[in-house]
Structures are given as structure tokens and as C-alpha cells.
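Colleague: This is what each chain is made of:
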Amino acid sequence: MILGMFDSGALPALTRLVQFTHVRHQVLTHNIANLSTPYFKSRQLDPRGFQASLASAIDRRRTTPNPIRGPLEIRDTRTFQFKPGGIDAKPQSANDNVLPHDQNNHDLERTMQRLAENTMVNNAALKMIRNQLGMLRLAIREQV
Amino acid sequence: MFGALDISASALVAQRTRLNVISANLANRNSLTDAAGNYAPFRRRVPILAPGDPTSGSGGGVHVKDVLLDQSPLQIKHEPNHPFADDKGLVYYPNVDLMIEMINAMEASRVYEANITAAEATESMMQASLHLLA
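Quick note, the sequences are listed as chains A and B, same order. Numbering of the first sequence is given in this note's numbering, commencing with residue 1 and proceeding in unit increments. Numbering of the second sequence is given in this note's numbering, commencing with residue 145 and proceeding in unit increments.
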């Protein structure tokens, strides 16, 4: 809307992070729903790939004339396509060679751990976005 | 985000259906006749789970595709005086094993709980998003 208000500083990176955690949450929920489905192969979205894309986009912005306030240009990879409204991701099949009797490579403990971490990162990023918007509100109100 | 709630709900429904099938198997462990009163020993039912959710049209989640009859052999007991004994004096009993059904029931409730946790995580993320407005 107002150029430079919602597109600068930490907000673009935090928005992309929240979009990533939403997509990863869908993948994890699908795996948990199919815990007892025979022949099901669970899929993964590695956060390291996303972190690498985000880090290189931030580094690239640092070299521009507007290192902190400019927009963040993040490049598509094989796994992630960064659209203005969200991220399209292609999850990969987990490569576990040891399969139990029902040919389902479920790993309940790891999946619940990933779910917990993903939820915490999502909520932390949303809190930070809330802080940024709060600062904007303070500036608009011109009161402390 | 609401897609994630659909996925968890489909898993809860599928596991509840599975538990219903297990309960029906256990209830009919000793059933030798069908509803009409003819001699037809009960055969164990097996729910077939598959990924995807036809009711919401999405590829995520899980559903019970079919409930099939277990083709493993029926139990045989030698009871010559039984009204349903055949000419060799053998009576066929349902092929429902108590241990297998109980372990399947334990697994179904474990998966049900895991999906409740996933739904709670979805709810927590949505609450945090809504909190942005306040």
C-alpha cells in the first residue's frame, strides 16, 4: 500500500518465514495423518534449504544502495517457488532404508519434534511481526 | 492453514472408523450365524486406509477406502455334537484374534492422539496469527 512501509526492514524476511512454516506445517500434518497407512512414504521440507535462500536474499539486499529498507528479492529454487502471496513447495520423500512391516517409514518422535519446533518458530516470527507493526503504530500516533 | 485442520480431522475420522471396525470384530468373536439365522461364521473385517480425502477433495489427509474381509483361515474346533458340525464333526469359528485386535486398537488410539496434538498445533498457530490484529 504505502511504498516502503510494509516492505522494508525485517518485515519481508519475517513474512517469508511465516509462509514457510505454514507450508511445512501442512506437510507435517499430512505425515501425522498417515502414521498408520501402509506403504505411505513421509515427505519432508528441509528448513535448511529455505534458510539458505533467505540468507542469500538478505546478503544480496545488503549490497544494494538500500541495504536495510529495500525489498527482499528471494530466488526460486527446485524445492521452493516464492510468489507474492505465499510459497509453493515440492516436498521430498524421506530416504529411510529401514522399513517396518507395513512398509511405512513413520518416525513418530521425530515428526512430533519437527511439529513442535515448527509451531514455536511460527509463533516467534508472528510475535516479531507484531512488534514491528507496534512500532509503526507508535510512530503514527506520535505518542509514547 | 485451514487445510491443515482438514487433514487432521480426516485422520481422526479414519482412526475412529478403524476403531469401530475393531470393536465390531471383537463383538462378533463368537458369532456363528448371520442376521437371518443361517450358519455363516463371522469373518474378520479389515479397514483399508489410503492417503487423500475424497470428502474434501484434497490430496492431503487419510481416509478409509474400503472395509474388506480377512481371508485368513477360520478357526476349526472338533465338536461332533454341535448343531452346526459338518460330517467330519468340525465346527468353523470366526478368525478374530483378541491379541491382534487389542494391539490394533492401541495403535489406533495412539495415532488419534498424535493427530489431536497436530490439530492443537494448528490452532496455536492460527491464534498467534489472529493475535496480530489485537
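Possibly wrong hints are sitting among the right ones.
[As the list claims (entries may be wrong)] Think about it this way: if two alpha-carbon atoms lie no more than 25 Å apart in a straight line, the pair counts; the simulated DMTMM-like pairs of lysine to aspartate or glutamate are:
no., chain 1, residue 1, chain 2, residue 2
1, A, Lys90, B, Asp150
2, A, Lys41, B, Glu251
3, B, Lys209, A, Asp107
4, B, Lys209, A, Glu73
5, A, Lys83, B, Glu251
Don't read these hints as lab results, they were simulated from the structure.
Colleague: If a hint holds in the structure, say so; if it does not, say that too.
Modeller: Hints and how they fare:
Using a Cα cut-off of 25 Å, the hinted pair Lys90(A) and Asp150(B) holds, with the two alpha carbons roughly 20 Å apart. Restraint check: the Cα-Cα separation between Lys41(A) and Glu251(B) comes to about 18 Å, which is no more than 25 Å; the hinted pair holds. Annotation: proposed proximity of Lys209(B) to Asp107(A) holds, straight-line Cα distance about 24 Å (limit 25 Å). Annotation: proposed proximity of Lys209(B) to Glu73(A) is violated, straight-line Cα distance about 44 Å (limit 25 Å).
At most 25 Å may separate the alpha-carbon atoms for a hinted pair to count; Lys83(A) and Glu251(B) exceed this at roughly 40 Å.
Violated hints for the displayed structure, listed by number in ascending order: 4, 5.
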